[in-house]
Amino acid sequence: MIDVLNAIPYARFLGVGVERIAGGLECVLPFREAIVGNPMLPAVHGGVIGAFLELTAIMRLIDESGTDHVPKPINFAIDYLRSAGPTTTRARADIFKLGRRIAVVHVLAWQDDPARPVASGNGKFLL
Amino acid sequence: MMSHTPHARHLGMRVVETGPGFAVITLPYRAELIGDPVRKVVFGGAITTLLDQASGLAVACALDILRAIATVDLRVDYLRAAAPDLDLTARVECYKVTRNVAFVRGIAYEHGPDDPFASCLGTFMLGAHPGGTAFQRLVPDAGKEPA
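Residue numbers (our numbering), protein chains in the order written: chain A, 1 to 127; chain B, 1001 to 1147.
Please keep in mind that the hints were generated in silico from the structure rather than gathered at the bench. You may find that some hints are simply not true.
A few chain A residues that don't get close to chain B, going by computed Cβ distances all over 12 Å [said to hold, decoys possible]: (1) M1; (2) R20; (3) G23; (4) G24; (5) E33; (6) P42; (7) L53; (8) E54; (9) D68; (10) L98; (11) G99; (12) R100; (13) W110; (14) G121.
Partial pick of chain A residues on the chain B-facing surface, computed with a CB cut under 10 Å [claimed, not checked]: (15) I35; (16) G37; (17) M40; (18) A51; (19) S65; (20) F76; (21) Y80; (22) T87; (23) I95; (24) F96; (25) I102; (26) H106; (27) L108; (28) A115; (29) G123; (30) L127.
In this text, a Cβ means the ideal position worked out from N, Cα and C, and glycines have one as well.
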């Protein structure tokens, strides 16, 4: 999956990594100064968190469906639950429905404790 | 506000226009933003970042006194693929401010506002961080006098 990730310029730009876990995969967003949105907290930019959630959803979809192209997002909704501090953020995606044409994916991102998520996402993709 | 946001600076975003309750921001096109290497289309998440930044600025422009602003939720609809090699612009309006919450809606386009490739709907919490915003601490007099 790392080859797929490396083929997406924006994933390299954000420095996102991917790890294989039981029953799926986990994406990793290392912290660095360039992704900060609020320097006083400091906190990761909300847009970067959103992009990371969307990327995690796409990676899971590619992994699950075996497609050779990047699924097109129809829409993506993000709930920001807490501010994301200056540390590594991780995310996992669940495919709620893998239809013939559309997939519905839920994503959860956290930092130190998976029970205290920083954001959740819900996306629909054209396969 | 933009120059105090490291990620906005990193992407080279610039403010095109602001007014009462609205903001227009441009994100210069660059190869690093591509999400689909075959179609050379900008990654949806980069559009989310642009719309989030414009939304926050639109909320700031709708407030009488500058307060902390935190994104509660943001939904982006991808109406079509953005054309490659062109700068992306977002125009967001903050159409309602209550005591605690601000509501925004906006579009993103590369040719003009009549033909958007994405639209968004978002909610922001106001005054979430006691002690003032980053901007208030950097510019202590902000909000005390009319701009």
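Status of the hints after comparison with the structure:
no.	hint	result
1	M1	holds (15 Å)
2	R20	holds (22 Å)
3	G23	holds (24 Å)
4	G24	holds (20 Å)
5	E33	violated (6 Å)
6	P42	violated (8 Å)
7	L53	violated (8 Å)
8	E54	violated (5 Å)
9	D68	violated (9 Å)
10	L98	holds (19 Å)
11	G99	holds (18 Å)
12	R100	holds (20 Å)
13	W110	holds (17 Å)
14	G121	violated (10 Å)
15	I35	holds (5 Å)
16	G37	holds (6 Å)
17	M40	holds (4 Å)
18	A51	holds (2 Å)
19	S65	violated (16 Å)
20	F76	holds (5 Å)
21	Y80	holds (5 Å)
22	T87	violated (16 Å)
23	I95	violated (17 Å)
24	F96	violated (17 Å)
25	I102	violated (13 Å)
26	H106	violated (14 Å)
27	L108	violated (15 Å)
28	A115	violated (21 Å)
29	G123	holds (9 Å)
30	L127	violated (14 Å)
In the structure shown, a violation is registered for the earlier hints numbered 5, 6, 7, 8, 9, 14, 19, 22, 23, 24, 25, 26, 27, 28 and 30, in ascending order.
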